[in-house]
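Chains as they are written, first to last, in our numbering: chain A, 1 to 256; chain B, 1 to 214.
Hints were generated in silico from the structure; no laboratory data involved. All values derive from a computational prediction rather than experimental measurement. Accuracy of the hints is not assured; some may be wrong.
[To be verified] Chain A stretches covered by chain B per the calculated footprint, using a threshold of three residues with CB under 8 Å from any CB of chain B:
{"#": "1", "segment": "93-99"}
{"#": "2", "segment": "113-122"}
{"#": "3", "segment": "168-182"}
For each residue, glycine too, the CB sits at the ideal point set by N, CA and C.
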Amino acid sequence: MLTTRIIPCLDVKDGRVVKGVNFVDLVDAGDPVEQAKVYDAAGADELTFLDITASSDNRDTIYDVVARTAEQVFMPLTVGGGVRTVEDIRKLLLAGADKASIMTAAVHNPDFVKEAAERFGSQCIVVALDAKTVAPGKWEIFTHGGRNPTGIDAVGWAKRMVELGAGELLLTSMDRDGTKQGFNLELTRAVSDAVSVPVIASGGVGTLDHLVEGVTEGHASAVLAASIFHFGEYTIAEAKAHMAAAGVKIRPVQTA
Amino acid sequence: MNRRVTIVDYGSGNLLSVRRALECCAGEVTLAQTPEQVRHADRLVLPGVGAFAHCMALLRGLDLLDPLKEVAARGNPFLGICVGMQILMTEGHEFGKHAGLGLIDGMVEPIPTLDGDGGRLKVPHIGWNALGEPIAGRWDKTLLDGGLRGGSQVYFVHSYAARPANSDDRLAETRYGGQAICAAVAKDNVVGTQFHPEKSAEAGLDLLERFLGW
Chain A
1 MLTTRIIPCL
11 DVKDGRVVKG
21 VNFVDLVDAG
31 DPVEQAKVYD
41 AAGADELTFL
51 DITASSDNRD
61 TIYDVVARTA
71 EQVFMPLTVG
81 GGVRTVEDIR
91 KLLLAGADKA
101 SIMTAAVHNP
111 DFVKEAAERF
121 GSQCIVVALD
131 AKTVAPGKWE
141 IFTHGGRNPT
151 GIDAVGWAKR
161 MVELGAGELL
171 LTSMDRDGTK
181 QGFNLELTRA
191 VSDAVSVPVI
201 ASGGVGTLDH
211 LVEGVTEGHA
221 SAVLAASIFH
231 FGEYTIAEAK
241 AHMAAAGVKI
251 RPVQTA
Chain B
1 MNRRVTIVDY
11 GSGNLLSVRR
21 ALECCAGEVT
31 LAQTPEQVRH
41 ADRLVLPGVG
51 AFAHCMALLR
61 GLDLLDPLKE
71 VAARGNPFLG
81 ICVGMQILMT
91 EGHEFGKHAG
101 LGLIDGMVEP
111 IPTLDGDGGR
121 LKVPHIGWNA
131 LGEPIAGRWD
141 KTLLDGGLRG
151 GSQVYFVHSY
161 AARPANSDDR
171 LAETRYGGQA
181 ICAAVAKDNV
191 VGTQFHPEKS
201 AEAGLDLLER
211 FLGW
């Protein structure tokens, strides 16, 4: 039976991790490769790098990060942040990424998703949706970290992205992101039930129960979290044990 | 015994990930783009992502179809991964009907989008799932006769699945939505995995290690 994926997300800036595992025994905690190895050993099911490099001069650092990670970590790797062209995706895949996550570029030009899916296959095209509540039971797509409204309805947008070829959706609730109050379950369920592809829930995880709810009540296929893992509040193994105890199927952590 | 392995480099697939995983297992990797290079393979790995017909068209464009069949007929270890596994079959039904390499009899068809109870099933089938033995003893002395016996899971990402015509060619299956989906095929020296060993952590490396020693 297919298991629910737990996906840690690392923010990478100029080739360095700026929000990541707070492990004292790492020689270089800012090195994405070191962090990826820690998560791999801990039993993470997939890893996401979010490139938050602002300067275009340093944009190429992410390819080096991906290449060095893929040399040592044999698990699925997704990269998002600043993916704007087919050439960006090609370079990420050549460096060793398995999936590219598209957000702003899809809002500006939805056909980019179609072009990318036709060229590389839907399986490696993730569309990221940042959604904010605008009325009860109604959510709107925002860009630029929740600052810019687009007027686009989130559920309709999710369906359209899947029609254009997205193989997976990464759904972040901008209302909940960083609050530790749990996923926006109503939003997550509305999107998950509306589309045929897997939905990764993101934004707001503060407890292990939140991870469980994302699946049981939000109907998500996978859960993404950053801070609860990075700051050592919980380990991947604890998250998996908790989910298993709640009846969610997970991939057991291999103990060497 | 040598650990030489040739990866078919035809413009499809996460070739680098496959290469790195094989090198991690001490494989001596070369890439093949020409018919000559493919014919010289001691062991052959055929990766593949994207659509069935697209992969076949790329191989045809490089005149690699006959060399691949020759290597398979010669008895060298031959491993297809993901769509590289699907095109081992006779025919694929993605965006119309298309001929495959025909090394293993059977079709490649869409994963049903309904589960056994009539509920909707998410497709693509993405994530980690356990492998099962279609019949007891099927894995004996095969690439799966190792770490995978311990119930380890492997990573899948696919919307289509093979249906071998002969049940003997079905090497492994995985449960999704209450149904058994073909997860690996094997016939003599030709093996295909629907899952990605190069992305399946220790379990996947164990399989590749066996392939290099085969």
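Give me the numbers of the hints this structure contradicts, sorted from smallest to largest. The structure breaks only hint 3.
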